[in-house]
Amino acid sequence: MSENKEKDRKIKIGVFICHCGSNIGGLIDCKKITEYAGKLPNVIHSEDNLYTCSETGLSCIKNAIKEYDLNRVVVASCTPRTHEPLFRECISEAGLNQYLFNFVNIRDQCSWVHMKDPEGAYDKAMDLVKMGVAKAAKLEPLDCIKVNINPTALVIGGGVAGMSAALNLSNQGFKTYLVEKEDKLGGRLNSLYKLFPYSIKASEFIENFIKKIKNNRNLNVLTSSKIKNVDGFVGNFKVEIEQNGNVQKIEIGTIIVAVGSSLLNPKGLFGYDGIKRITQYELETLLIKEKVTKKNVVMIQCVGSRNEKRLYCSSVCCMTALKNALIIKEQNPNVNITILFRDIYTPGTEYEEYYDRARKEGIIFIKYDVERIPTIEENQVVVFNEYINKEVLIPYDLLVLSTPLVANEDNKELAQMLKVPTEANNFFLEAHVKLRPSDFATDGIFIGGSAKWPVDISEAITQGYSAAARASTILSHATIEVEGATSNLPEYNKSLCSGCEICIKICPYNAIRKNKDDEIEIIEALCKGCGLCGATCTRNAIVIRHFTDEQIISEILAFGG
Amino acid sequence: MSFEPKLLGFLCNWCSYAGADLAGVSRIQYPPNMRVIRVMCSGRVDPKFIIKALELGIDGVYVMGCHIGDCHYLEGNYEAVKKFDMTKKFLKIIGLDDRIRLDWVSASEGQRFGELVSKFVEDIRALGPSPLSGEKPNQDLLNKLKAIQMSVSNNRIRALVGRQRVITEQENVYGEKYPEDKFNNLFDQAIKDEYERHRILISLKMDSKSVKDLAKELNIDPSIVLEHILSLKGRNQVDFGEIIKNTPMFITL
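Residue numbers (this note's numbering), protein chains in the order written: chain A, 108 to 668; chain B, 1093 to 1345.
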């Protein structure tokens, strides 16, 4: 193809400076930057656009590629994190390899952060454009890697998120495995009484799910099963599953992680004893069996969460407390219920309605401060009420602690097998909280439900569907293309390699191995392009495509030289 | 006019670059002294990039990555620390170590990004311009930095850095772990040795010299110079030249 001849051709760069309305143009003189860019080495054409990302802007790029026979394109604008895919697509529609595009960030990291220093911002923008042009001159066309897809799915975790995902995929016609480590499906739902909103019984809700699962011929459920090993890459994973001591190997195309979360061990918190002072989850088990016949119930919110050790909000506890308080009131209107809270979180009209109802039913809410937490005595709670600036004594014969959901202890183990990251609290970490909320950085692996963060039932279902939808974008293709900016040991560098094997050990994705001829081989479909191997290679033999030593040094030289 | 530091930042795509973008979206204001090079992972920052920037007279280099435990590539930032520490150890020898810095910025820490950059600008401004900047860079220092540039590309140093975590954090086949402090002693000695050896190589490139000449010029004990010469000869990097008045002169190969 013509792309292969790219190297032999004279480098012709086109630079497009975006005003972004007044976001950039309001502070930086884009006309002058354009003029400056036009004089930089290898630049054949430069122009400024009001919005380079608009239809008009994009056709300016396409026209210039034709008119000036450009073979590299630089856009100086917002940020590559949102707009690089758009411009890559644009130049590839005009016949250029998408990797011959380079982005210069002069909005998010320039005009928006130096508003009081237009001169400084202008100088910085000039340097950044110069550096971007220098890198562009060194860019090389890359091919995306094609991989075949096995249209079979694996869902890990048989809770509500996992069941939703598995049902969705199998209903689309994909053969699906649903693996659950307990001996039955349902996860956390098995220990709950009624669910908010609408007070449906958890047991009926699961039965409904299980009926649908049993009737589905595409769905293969493995309970009491554990993932033992994961190998391979998107479209071609090989997974070992242990069930009652027997290991079976399955081959699948995508994986959804829906392992949910665990309960916090409440030992030592607010006099917890499991009898008179219990957690919300123990209260649920109690409610399944019998009516609560107490006189005075006190609930304490944010027990063990939103503190220094666990910064996060567990998100389901406010609603759980409100729901359980209302259930107790319904059973026995004479019981006194007090909820000690720090903030009440009831988003949306349905949840807010619970809070309204709770107040109308006479449930008392007292706000406490994290600096002055309630103290627990044998039969009463002492809490400082900041509204009346006094300590209040509240008698109880049942104290209920709203403890958070925490990450499963075996998350790390699974994360290592899948080569996906976990965050500081040991929950699984998605590729990007806004741009790719259901994906992992590793291709072909997706996430949904409380594995990522504590979520309630409706959110777990939504996320289960979302992960299934993302997985089906892969499963529905016979082949897909994956990122071409990988690491590479080029033929001309092979003689440099000393065979020290440090790269093999350092690769987070096991993408490097020795082949039959005892040579280092990089499995490109596994490589994520992090560049660790290249920066570590003792002989500087490995090349990190799209972020080569040469490209990065050309940027440094453009700035410092 | 007060001195405006010229700074370069290497930002990882997933956390710190995103944090820098968030600073923009939140309109957090900080001084415009730092130019950014985006890399996919802080672990991609090869020490030679940092040294190159300093050679060119850039006043300070910042490396930023995801917080430990939050790396998009699992453990890339652990490797970034090892590479950065090695670079810093070399730069300490010539007193440029205060001009480089490593920090973690998450995608949600726009405010923190702005504060860290502001602080770096302030600190480097207090430190003054790099002795390698301007019309007349300090030639002696530049030669020393060149020796460091060669050292960080040297396979012995790179192998030690690359294996550091395996050696000190994992057990070998006999169930033994190499203690961290013992490794550090060995590593510090290797850094000192490679720095001196590359200074010798640079010096010999200009002119053939005797052990005594080298010892005087580089202010290194003659017995140590001799040891270095023997190692370099073993690596086929130097050899005997002519012999003047019973004293062998050495040349580079």
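Derived from the structure by calculation, the hints contain no laboratory data. Treat the hints with care, since some could be wrong.
[Stated by the list, open to error] For lysine-lysine, the following DSS-like pairs were computed, each having C-alpha atoms within a straight-line distance of at most 25 Å:
| hint | chain 1 | residue 1 | chain 2 | residue 2 |
| --- | --- | --- | --- | --- |
| 1 | A | 282 | A | 301 |
| 2 | A | 223 | B | 1325 |
| 3 | A | 169 | A | 223 |
| 4 | A | 612 | B | 1274 |
| 5 | A | 245 | A | 282 |
| 6 | B | 1174 | A | 519 |
| 7 | A | 288 | A | 333 |
| 8 | A | 345 | A | 519 |
| 9 | B | 1337 | B | 1238 |
| 10 | A | 291 | A | 245 |
| 11 | B | 1337 | A | 612 |
| 12 | A | 169 | A | 301 |
| 13 | A | 612 | B | 1325 |
| 14 | A | 119 | A | 321 |
| 15 | A | 519 | B | 1238 |
| 16 | A | 402 | A | 436 |
| 17 | B | 1211 | B | 1297 |
| 18 | B | 1238 | B | 1284 |
Verification of the hints:
| no. | hint | in the structure |
| --- | --- | --- |
| 1 | 282(A) with 301(A) | violated, 32 Å |
| 2 | 223(A) with 1325(B) | violated, 59 Å |
| 3 | 169(A) with 223(A) | violated, 36 Å |
| 4 | 612(A) with 1274(B) | holds, 22 Å |
| 5 | 245(A) with 282(A) | violated, 45 Å |
| 6 | 1174(B) with 519(A) | holds, 23 Å |
| 7 | 288(A) with 333(A) | holds, 6 Å |
| 8 | 345(A) with 519(A) | holds, 20 Å |
| 9 | 1337(B) with 1238(B) | violated, 32 Å |
| 10 | 291(A) with 245(A) | violated, 57 Å |
| 11 | 1337(B) with 612(A) | violated, 52 Å |
| 12 | 169(A) with 301(A) | violated, 59 Å |
| 13 | 612(A) with 1325(B) | violated, 31 Å |
| 14 | 119(A) with 321(A) | violated, 62 Å |
| 15 | 519(A) with 1238(B) | violated, 43 Å |
| 16 | 402(A) with 436(A) | holds, 11 Å |
| 17 | 1211(B) with 1297(B) | violated, 41 Å |
| 18 | 1238(B) with 1284(B) | holds, 15 Å |
Of the hints listed earlier, those the structure fails to meet are numbers 1, 2, 3, 5, 9, 10, 11, 12, 13, 14, 15 and 17, in rising order.
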